[in-house]
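Colleague: For the record, the sequence lines run as chains A and B. Numbered according to this note's numbering, the first sequence spans residues 1 to 170. Numbered according to this note's numbering, the second sequence spans residues 1 to 543.
The hints are simulated quantities; they were obtained by calculation from the structure and are not laboratory data. Here the structure is a predicted model, which is why all the values come from computation and not from measurement. Fair warning: there could be bad hints in the mix.
Listed below are the simulated BS3-like cross-link pairs for lysine-lysine, each with C-alpha atoms no more than 30 Å apart in a straight line [unchecked claim]: (1) A/Lys-5 - B/Lys-329; (2) A/Lys-95 - B/Lys-323; (3) B/Lys-329 - A/Lys-95.
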Amino acid sequence: MSLVKILEIALRTGRVTRRYPVEEPLLTPEFRGSIEVDPSKCWGCGACTKVCPSNALTLTPSGKGLVLEYFVGRCVFCGMCAEVCPAKAITVTKKFELASKNLRDLRSRVVHEVLRCSVCGAPITAEAEVRAVVKVSPITEEYVALCPRCRKERFTKSVALRIGASSGPS
Amino acid sequence: MTESVSKLIEELKRLGGRVEEVKDREVYLVVGRDNLRSLAKALYSTGAYLKTCAGVDERQVQGVLSIYYIFGLDELGVDVVLRVPVTEDDAKIPTIVLEVPAADWCELEARDMVGVEITGRPVRRLVLPEDWPEGIHPLRKDFDYSARPPRRFRSELPEEVGVPLGPYHPALHEPEYFELYVDGEKVVDVVYRGFHVHRGIEKLAESPRFTYKQIPFLAERICGICGFVHSSCYVMAVERAAGIEVPERAEFIRSIVLEVERLHSHLLWLGVAAHLLGYDVGFMHAWRIREHVMVLAEYLTGSRKTYGINIIGGVRRDLNVDKLDRILKTLAKVREEFVKLVEVMLSVPQIKLRASGTGILSRSEARALSVVGPVARASGLYRDIRKDYPYFAYREVSFKVPLYTEGDNLARVLVRVEEVLESIEIIKQLVDKLPGGPVAVESWDVPPYRRAVAAIEAPRGEDVHFIITGVGKPYRWRVRAPTYQNIPALRAMLRGASLADAPLTIASIDPCFSCTDRLVVYDLRTGSRRVLRIAGGVSACPL
Ligand code: SF4
Ligand code: SF4
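Build the full structure now, drawing on both the sequences and the hints.
Modeller: This is how it looks when you write it as structure tokens:
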């Protein structure tokens with residue numbers, strides 16, 4: 001009895017398994033796959049590395065520069081990085097066939113030049129970020145090329161000068 | 001706070017409890033260890049059950065080590081939390097297992113992880129591996145999350161240990177281990193050993209890189225089947241502790257996705273149960289139907305599993321007209337095919353015969369062990385968090401809680417079968433009533449040292465997350481998955497039963513730990529030992 005019924009169901013259903021990879025994989029338009037960072041847009045600000053839950057994105061100094069590395073082996077495909085990126089440099093792709101025989105294929109890097117302080121030479125941050133920041137909030141060129149410490153020093157000095165000037169002998 | 005709760009609190013005060021904090025759904029009392037047992041007894045005898053207990057190293061904040069005992073008064077929808085503080089030099093708390101058998105594991109876990117000695121009962125390691133050094137307790141705050149203490153190998157082990165193949169097979173994910181003592185074909189006793197793959201997730205969340213925002217993604221990875229339950233439960237705990245009002249639309253979306261997850265989980269389980277009963281055709285069709293649910297989940301959230309849409313204060317994905325339409329169409333199809341399949345499956349003689357009358361858990365045992373979910377409901381305990389402690393949008397929908405009194409494997413099958421149909425109805429109502437508005441709050445803030453208990457009805461039963469907030473991240477995050485509560489009931493189910501039914505009975509609680517269960521059988525007459533293999537246990541989630 002049950003055999004006949006189940007046969008009927010099976011016959012009516014037919015084949016359901018898709019012949020992937022000969023046929024297209026089964027993906028809905030909402031599928032989140034691995035991410036891609038557009039090097040021409042990325043500022044190197046590191047916001048994505050802070051939100052990434054699995055440490056798939058890291059920003060580390062390397063040589064003279066700063067390297068944003070994406071290691072797909074750790075990625076959980078959440079897309080949080082794309083949501084926070086201020087430069088809209090990250091796209092969530094539909095890629096999921098990510099296996100490789102070469103570990104290097106799983107890492108992609110964006111290398112940033114680092115801007116150094118014009119006074120003490122300490123590294124400040126990625127040049128691209130500075131350029132982007134200057135574009136949206138024009139801070140004076142004078143301050144941009146200073147590291148936070150030198151900037152503070154110069155600021156205190158200038159304030160001191162001004163206070164000194166106004167509270168002169170009365 | 002209703003009158004009956006106030007009366008109970010008065011009684012607990014009389015027995016030596018001091019009220020610390022009263023919230024909508026929880027009452028916190030601090031209790032000296034000498035009074036703990038009488039309070040626990042009073043609570044259990046009024047019908048409360050133990051949700052879990054949690055060891056907390058509060059030396060930085062209160063100068064003490066504490067164990068929090070979370071009791072649920074499900075009929076009143078309120079939790080009573082007893083906090084028992086002790087000093088580090090005299091870190092001893094008496095056991096409550098005599099009054100509350102369900103405290104067995106969590107007491108031992110607190111002993112392992114926080115280093116509070118439990119007196120008055122035999123103790124053993126539950127979570128820490130055998131080669132972990134004495135006196136190091138991972139959930140103490142002065143233990144760094146990345147520390148790897150030297151292993152302490154026991155000297156009595158022979159030098160030339162062979163390759164340990166099983167019962168904890170290293171290549172299989174989620175090994176667990178049952179020792180069944182048999183007399184002929186009858187099971188006489190059962191010993192369970194688990195936690196071989198304890199991942200230390202609660203500790204990991206203390207690492208510097210995890211903040212409130214990232215933990216939902218970690219929580220979702222506690223379980224490969226009901227992960228959304230865990231991320232929901234975590235965000236709910238944080239939102240409650242911080243008093244964040246989540247937009248209604250987000251609550252509806254969370255509820256819809258939770259029910260979608262239940263559908264996939266129950267269909268998965270039904271397939272596995274069919275397979276264990278030797279009915280592989282049923283397995284294939286159950287999973288074929290489940291596939292519609294998986295594709296729907298991806299379309300709604302972006303991923304077939306580990307949906308990743310929960311954030312504190314709401315969700316990351318909205319539902320549009322297309323999606324709502326797709327939900328209704330998929331549900332109609334799933335319902336139709338599911339009803340047909342179940343009709344066929346339940347008419348297969350060997351299924352009915354092998355499932356009925358086996359693996360019985362009586363109502364009183366179910367209550368004593370504080371079991372949850374379908375296991376409780378199949379043993380006549382009306383316990384469903386969606387009704388008892390309504391959260392998200394469950395207040396807005398009407399649904400039945402399937403209840404059976406037989407307590408056998410068949411009852412557990414039937415409860416889940418009916419729950420599939422109820423879930424479909426719940427989703428339909430939610431889609432129908434979905435309110436407009438935003439799906440997440442714009443900003444939120446979590447003040448430190450607030451506490452909250454959150455509970456969600458997972459496919460396997462109640463999931464509990466307990467939070468003490470800290471600065472920028474939880475101070476303590478305690479997770480109690482439903483299987484934790486249900487495994488101890490297996491002993492009651494298996495004892496006295498026939499060995500042949502053991503694999504099915506173990507699977508009948510829908511345990512979340514392994515893809516290949518193994519059990520060792522000791523024959524009391526011959527003293528022989530053999531290993532049984534249950535192909536395709538269910539899944540994966542010891543913490
Ligand atoms: S998708 Fe998620 S896990 Fe992957 S890199 Fe982005 S934030 Fe990290
Ligand atoms: S610009 Fe975007 S991709 Fe580049 S570091 Fe910042 S957040 Fe990351």
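Colleague: Decide, hint by hint, whether the structure agrees.
Modeller: Hint by hint, here is what the structure shows:
Restraint check for A/Lys-5 and B/Lys-329: satisfied, since their Cα atoms lie roughly 24 Å apart, inside the 30 Å limit. Only pairs whose Cα atoms come within 30 Å are accepted, and A/Lys-95 paired with B/Lys-323 is accepted, the gap being roughly 23 Å. The straight-line distance between the Cα atoms of B/Lys-329 and A/Lys-95 is roughly 28 Å, inside the 30 Å bound, and the hint therefore holds.
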